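*Asks:* Produce the entire structure from the sequences given, and follow the hints as far as they go.
For the record, the sequence lines run as chains A and B.
Take 55 as the starting number for the first sequence in my numbering and just add one per residue.
Take 895 as the starting number for the second sequence in my numbering and just add one per residue.
Hint data in this document are derived by calculation from the structure and do not stem from the laboratory.
A portion of the hints provided could be inaccurate.
Only pairs whose alpha carbons sit at most 25 Å apart, straight line, appear in this in silico PhoX-like list of lysine-lysine [claimed, not checked]: (1) K199/A - K1099/B; (2) K199/A - K1167/B; (3) K954/B - K344/A.
A few chain B positions that, by computed beta-carbon distances, are all more than 10 Å from chain A [said to hold, decoys possible]: (4) Q958; (5) G1115; (6) E1125; (7) E1213; (8) M1262; (9) A1287.
Given the structure is predicted, the values throughout are model-derived calculations rather than measurements.
Even for Gly, the Cβ is constructed at its ideal location relative to N, Cα and C.
Here's the letter readout for the chains.
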Amino acid sequence: MAGTDDKAGRPIVVVTGMGIVTSLGTGIEDNWRKLTAGESGIRPIGRFATEGLKTRIAGTVDFVPVEPLCGPALCERMGEMAAQEAVSQSGIGSRGRFPGPLFVAVPPNEVEWPQRQEMGALARGNDAFDYDNVLRTASTGAFSKYGTRFLFASIADRLADAFGTQGSPISVTTACASGASAIQLGLEAIRRCETDAALCVGTDGTVNPETLIRFSLLSALSTQNDPAQAAAKPFSKNRDGFVMAEGAAALVLESLAAAKARGAKILGVIAGCGEMADSFHRTRSSPDGKPIIASVRNAIADAGLAPDDIDYINAHGTGTPENDKMEYLGLATVLGERTKDVPVSSNKSMIGHTLSAAGTVEAVFTLLTLAHQRIPPTINYQVPDPSIPLDVVPNAARDASVAHALSNSFGFGGQNVSLVMSREAA
Amino acid sequence: MAEGREAWITGIGILSCLGEGPEIHWQRLMEGKPGAGAKAIGPYVVHPIGPVDFDKQIPKRGDQRQMEPWQRIGTYAAGLALESAGIKGNRELLARTDMIVAAGSGERDLAVDATILEGLPKAENPAAFLNERLMNDLRPTLFLAQLSNLLAGNISIVHGVTGSSRTFMGEEAAGVDAVRIALARIHAGQSELALVGGSHNGERKDLLAQYDFGGFMLKGGYRPVWERGPEGGFASASLGAFLIIEERAHAERRGAKPLARLVAAFSDRCERKPGGVRQSLRGLWEKIAPSIASGHYAVFSGASGAEPATGEERAFLAELGVAVRAPGSYVGHGPEPQFVMNLALATLALGHGALYPPCERTGVERNMEGKLTQVVVTGVGHWRGEGLALIEAART
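*Replies:* Structure, rendered in structure tokens:
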């Protein structure tokens, strides 16, 4: 249709609703205000004892009551809050009926230690603990309350019920790129004309002893515990790892034609998406940066743009020595001479790394950047890294003219996804 | 659908208790000994993986050490599929291959869990004890075997598949939707070449326990899927299954032969109230029915044996009055890869133009007259999700 298709003849996909929960708080307004004020949501972990741990800080979401607390329950609740905000803002569908599919970025769903202890206690009786006892106990139905809670698709299943989305909900997990993958799947479905709308959610609430220790054993986390707010230092010379965090975000995607037809307010455009897997190593990027470069280039090309059109980059910017170096290499290769002039900031300096939710959370912040024409800062930038000569929007937000923005998401397992978002439909 | 675009299955990679590869699977299905590959773990019936030399598809021992069994099984099966389609080692094609993996989540170190659970009640400071033991006892690389997307990651590393990499998480529906979305992308011109599948380690005690929290597991000895009755459950399987799905013109240009044409794939998710599955399957069938050309078709059912889903599917299939096979009687049930496994086995049947013999006594499975030209594959999840796909002999 004239005016509602992109240059490649595909339906233009716009955003008509957004919702967010991070360690900074609940809702678009509160988050945007704190993010642009350079506030940090990172704090000492109070949820469990951190005795003996190298890292004792995180961006936990402690203000969302979930009883009893476990990862999937917190993921579900935060996802529901974000999706509720997005669907309400969009005004799409009717109560309990969202007219499109659900794509949810979720962390691997696992039984956690409190439940494992509970099983262990019941199973062992007077014997030494072993899994054979657990099997005998499980088959008696003693744990039927966990019947579906820890099944891998349970979060998506319950969100689908809560919002009345259509068809089979997809739980997508591409490690720390999951949130971007969820948006990508929604974008593609609308471009295929399978649906006029999609609900894309990313959620992660898995700060618990074992997940923290797993990342810690891979030396991925910052150990600068005090002060907690200063630990996440993307692009700084003294960066020493990322800070685990929790959060959720949701976007209502619609074809421009459908959004216009119902008179919806258009908040921004998902203009393009690019992807390229890395076959180099399980946790490290190919040293030549080729997969990252290809991911960024593919996204810009998919949007029908050129690298010169990109005005702002919402970096993956984890603050690990490896990521920031490789992301710089990738960006510098694509941007060329403009590299030092294009503002690049990392939300993770304030909200930490929301892991499976990060791609969605940071897409929402990128869309807010486009809408407000104001770039959130990279805080804790005190010691510039001379090998990463970027304008990281150090320490204070800045007004800017931003028509097109890029958001990167990279994950373990060679996952690279880049999104291009635009202020207005081209 | 973009005009004229058609999807072919040009490669199959399967590994199960029956062995590895198409020939041995067909041979075993024809032999008619469905419980032969099953064994007991605790009160459960499981189908362990058959003999396999992982070195053949995962040559570096270092890679194998970085994987837990489900990843080795899956990476192996993916290698078989790439080989079967003639794209293994072809860097140009692999860099354009779009991968969708259906996965659960990864494995645990059961010995570490046991040590901790043994020590926790005696520990003076249980929280500090837990932290200390996890810090000292967890292998750093175990985490990489626990991440759901690290099967895809290992396939990228070992086989060089890098076009794109997406992992759908969670039970049977993840496998159905992996196929559905790969096919939709090919039909729409978003993709030319896809590697789709997954794997499952059916012998994980933590997972057996988890599935039986909901009462989904088969207990009390092996029976074929249709003979398990109202107290039925699924027999957890170790298996890996991958397909290469390819746009027809792309396959023709490189001289690849079609094993079958993948005509359509649909999924749904009904509320699991009485009659819900039957109703959902009816709705899906209406979508697929216009593509069913003749009386020469059969159903390969993904029925797991778990109730009430299997009972409802049986009632639906009875309405159709069509020849049915449930390969799960032979290979067991690996939730995420099961749909792809059944598509692969259905493709083998099409290639032979015939079904393997019925293998149960309730009469659901019966003989079929004439040449088999189409197969509908069902995928009803043990707790959620329903799906159908249609394959037929490709016309070249």
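*Asks:* If a hint holds in the structure, say so; if it does not, say that too.
*Replies:* Now for the hints, and whether the structure bears them out:
1. For the proposed pair K199/A and K1099/B, the alpha carbon gap of about 19 Å is at most 25 Å, so the pair holds.
2. Straight-line distance between C-alpha atoms of K199/A and K1167/B comes to about 18 Å, which keeps the hinted pair within the 25 Å bound.
3. Between K954/B and K344/A, the direct Cα distance comes to roughly 24 Å. Compliance with the 25 Å bound is thereby established for this hinted pair.
4. The Cβ of Q958/B lies farther than 10 Å from every Cβ of chain A, with a closest approach of about 13 Å, so its non-interface assignment holds.
5. Against chain A, the non-interface label of G1115/B holds: every CB pair exceeds 10 Å, the least being about 14 Å.
6. Separation of E1125/B from chain A is adequate, the least Cβ-Cβ distance of about 12 Å exceeding the 10 Å criterion.
7. The beta carbon of E1213/B sits about 23 Å from the closest Cβ of chain A, which is more than 10 Å, so the claim that it is off the interface holds.
8. Here M1262/B stays apart from chain A, with its beta-carbon at least about 30 Å from theirs, past the 10 Å limit.
9. With a cut of 10 Å on Cβ distances, A1287/B stays outside the contact zone with chain A, its closest approach being about 27 Å.
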